[in-house]
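K.L.:
Now for the letters of each chain:
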Amino acid sequence: MSGNAASPQSPDGPRRKIQALSVSVNYADFLECVAPNIQHFDRWLVVTVEEDTRTQEVCRRWGLDVLISKRLYKDGATFHKAAALNEGLEVLDQDAWVAVMDSDILLPRDFRERLDAQTLDSDCLYGLSGRRICCTLPEFRSLAEREPWADNLIYTTFVIGYFNLFHLGQELNRYPENFSDDASSYDVMFSESFPAARRHYLPFVCLHAGESSQNWRGRTTDPFFEDGTSPNAPAPPSRTEEIAALLGGHEKTAAQIGCYSGAFSRALARHFSSVTVIDHWGLLVPSPSPALATDLKILAGRYASETAGLVNVTSPLEHSDETLAAIPDASLDVIWLTAEPEYDFLLQFLPAWLPKLKPGGAIAGGFYEPELLPGSSRVVQLLLGAPDQAFPDMQWVRRIADPGRLAARIRPPQVAGSTRGVVYVSMGEHDVEALLVSLSSLQRHWDGPVSVLSAGDESASLRLACVRLGVDFRNVPCAAANLPDELNRLHALDWSPFEQTVFIEAASLVTGSPQFLFDALDGHTCAFCDSHGSAQMPANPAAFAWHRSSPVLDAWRSLARTLFLHAGRRAIRETLGFLKANSMFHVLPSTGVWSGSARRAPAGTRILSLHRLARAGALHLYQPWADEEQALLARMEAGI
Amino acid sequence: MVEVRYRGSFGDNLFQYCFGRLLAERWGYELSALPLPHFPATAEPVTGRRFLSPFLSWSGMAAEERQLGMLLRDRHMAEPVRGRLVLYGWFQRWEYYRAHQDAVRRWLAVEAPAHPAEEGDFAICLRTRRPESWEEPGIHPGKAPRWRKPIPSTELILRLAERVPHRRLVLLTDDPPGEAAAALMHLKPEVRNIDSFASWNWLRTCRRMALTVCHPAEWWAAWLSEAEEIYAVDPWPSHRQPDCQGPYGCGWLTGRPLARPALRVTEPHWIYEW
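These protein sequences, in sequence, are chains A and B.
Okay, so the first sequence: first residue is -7 according to the working numbering, each after it adds one.
Okay, so the second sequence: first residue is 4 according to the working numbering, each after it adds one.
Calculated from the structure, these hints are not laboratory results.
It should be emphasised that the depicted structure is a prediction, and the values quoted were computed from it without experimental measurement.
Glycine residues also receive a C-beta, built at the ideal position from the N, C-alpha and C atoms.
Just to be clear, a hint being listed does not mean it is correct.
Claimed, not checked - Partner residues aside, some chain B positions facing chain A, computed with beta carbon under 10 Å:
(1) H41
(2) F54
(3) P57
(4) I197
Said to hold, decoys possible - Keeping only pairs whose Cα atoms sit at most 20 Å apart, straight-line, the calculated SDA-like set for lysine to any residue is:
(5) A:K572 / A:R607
(6) A:K572 / B:N196
(7) A:K289 / B:L59
(8) A:K572 / A:H516
(9) A:K289 / B:R85
(10) A:K244 / A:A393
(11) A:K350 / A:H516
(12) A:K350 / A:K289
Model the full structure from these sequences, guided by the hints.
P.N.:
Have a look at this one:
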């Protein structure tokens, strides 16, 4: 089918007519948050039900059209969203574009301008390239005020229903109704009906109010905000000017990390003698994608025009080693982060940039409010220390007395090349707390290298804690999601950076040096402590040592993996028994690593395995563990 | 900077490391990747240009710009990306590696096994578990097909085992009591665990082998080997054939053509018609 003359597909033609369509039933709280989207559309039709007067009220206030659905619950349907959308599609102008959106997504402020610049094909289906999930209203509001939304995005891997843009004059212009009577699959089926070559992403992302992938069968989630809250109340006014005045002055220099709005650069230009601007979001980076290239051209052009004539502000510079090398050490008074303080970025950024800061210089940024934005605030606290000043617009300032020293503390320790080291493995958030307490206890008895291997999705809290505790952190792959933790842990151990490794299980209190396990490798490639009493394990897997050349781990893992098909979780134990029976490892007395009752731990116990208490969620009931936990908390809360 | 974030297991990680290193060396960028267990040369530092931002991410089977779901071809990779490129995908397409076999062999050099394969050894790899990469969300709608019985059928494998001359038959399997292994037992094979590194390293030295599923680990062993005959399967013979006869079934991966693995090696010693 060819393009439609009344809705030209070229950005050079007359403005396209774009309508919006949403279903909102018991979603008035979310709809209220995203109602400003109306500015982008020629019309926004909301399909709801008679009883949902709150949605109708929101629509009335914001000028959205309302259609009362007759088919959403027809014939006992659970929540037939496809049918309701089709009712809406029927009444829209069939000679125009439609953006079918969930009523909980907020589009960028300049969405329409940027969309108009795109070349659209009226035979195609367009989705957004990603979204940022905002679980709380404060998070949503703070981000809504601060574009671009570039961090912590969930990229779309399929054009799915939270945003579909298509031309109603083309053939595939109704949602399939036969697959389910709820909201769970109609969008995937619709998307699938377009050949792959006719599905595209637009280079925009949105904010998603509330958790995603919920409410498939109608609203079940809690209200997004309490009654009486005004989600679109104006945000506290920006304090950038005031903070810049505070930090700036004659011959003061600043680096601005991230350029998007020219207003920010202009504010800094007024208070600093020179401002070095870094292209953090890649406005000037070429893209192989024509859609993205078009969009970047608009954004870069806009920034350039908004900052034209500023003689003390550099053009955006690429964020490379060369740019950094051109900035003399200890030359900057302020480094100003305009992006969210995202931990993975800061862990690279701070060691590289802190040396550029003068002693006593300041780092400034946004998104700091420990109660409302605990995630980003915690990152600032852990890596830089609590800000010296925090402002109502969530901006903050932290002065750094000795930037070089702080950079050194944040830089990860070098363990590559170390012969001997201790390794922990985290299999997910559930064992992070225990692992850190155990690590804290280890550091009382071991000052050699330690590496924490985090298998699968990286744990931000664990990585940040490792920075604070000065130990190596490695995110390693989780071999297979359908295998038990014990087996995936064996895979993870392969990634130990050491020639000789002692592994210690997370729920273990270290009461003495693990050196005895290293010593046991003299003349052996692998050493376990014996199991004791009625324990079912043939050897104690809570802590053991091996040499990289040892075939034992490889054999243990591969045999257990095969046996797992037939024996399930017993596979670990049985294969360990097989290895022991075949004298494949050196066996030490059981006292070194003790798994029995903690109270009956014999003298000479160096590693006390508390996995039974851990399984019962009762580690804190063992006083020495609770004491160690308190000591750890004190260390973490202490200033960096 | 090119940064590799590993996913999946052994064979997957080899693709990820090599893809990252190829890009880093092509562009003169620093490579940030954990050294692969068992492969000492992967601990060599690869130094070069470094960017702290913007954050760019490629994922998928083929290189895919995550921000736009755009599949990238070789021409897109010729010019360096100007940012911090994070690789979080599978990159299981032979086209990326074929011209770089010597370099890849250097990176993935390992100590020879104590007992390498002998001249008359014939290895048959029988796997029941499918690779983790097949579960990649978004590459295909719905679920990947369940692993079928040995591919091709047990009868074909048996016929192959009888046809290929050998002094010793070695079965590498993750399911020794399984149907296919059982059907070959009368040939008195030596059975080994396919999941162990030791077996993989041995397989790499084998001159004749049959890969009865296209699993990343065995694919690498075969591609790095000096084998004279590699009997292989191509589970992805075509894209969306109306009357598809593909051994893994059809209808899977109907999304983007490049979003699926393409590991068919068009070299004479890789034999797909058996």
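K.L.:
Would you mind marking each hint as holding or not holding in the structure?
P.N.:
Hint check results:
1. H41: Holds, because the Cβ-Cβ distance from H41 (chain B) to chain A comes to roughly 8 Å (cut-off 10 Å).
2. F54: holds (5 Å)
3. P57: holds (3 Å)
4. I197: I197 (chain B) check passes; min Cβ-Cβ to chain A is 8 Å, inside 10 Å.
5. A:K572 / A:R607: This hinted pair is violated, its Cα atoms lying about 26 Å apart.
6. A:K572 / B:N196: holds (19 Å)
7. A:K289 / B:L59: holds (18 Å)
8. A:K572 / A:H516: The hint holds at about 14 Å.
9. A:K289 / B:R85: It holds: about 16 Å lies between the C-alpha atoms, which stays within 20 Å.
10. A:K244 / A:A393: holds (17 Å)
11. A:K350 / A:H516: violated (53 Å)
12. A:K350 / A:K289: violated (35 Å)
Checked against the numbered hints listed earlier, the structure breaks hints 5, 11, 12; every other hint is satisfied.
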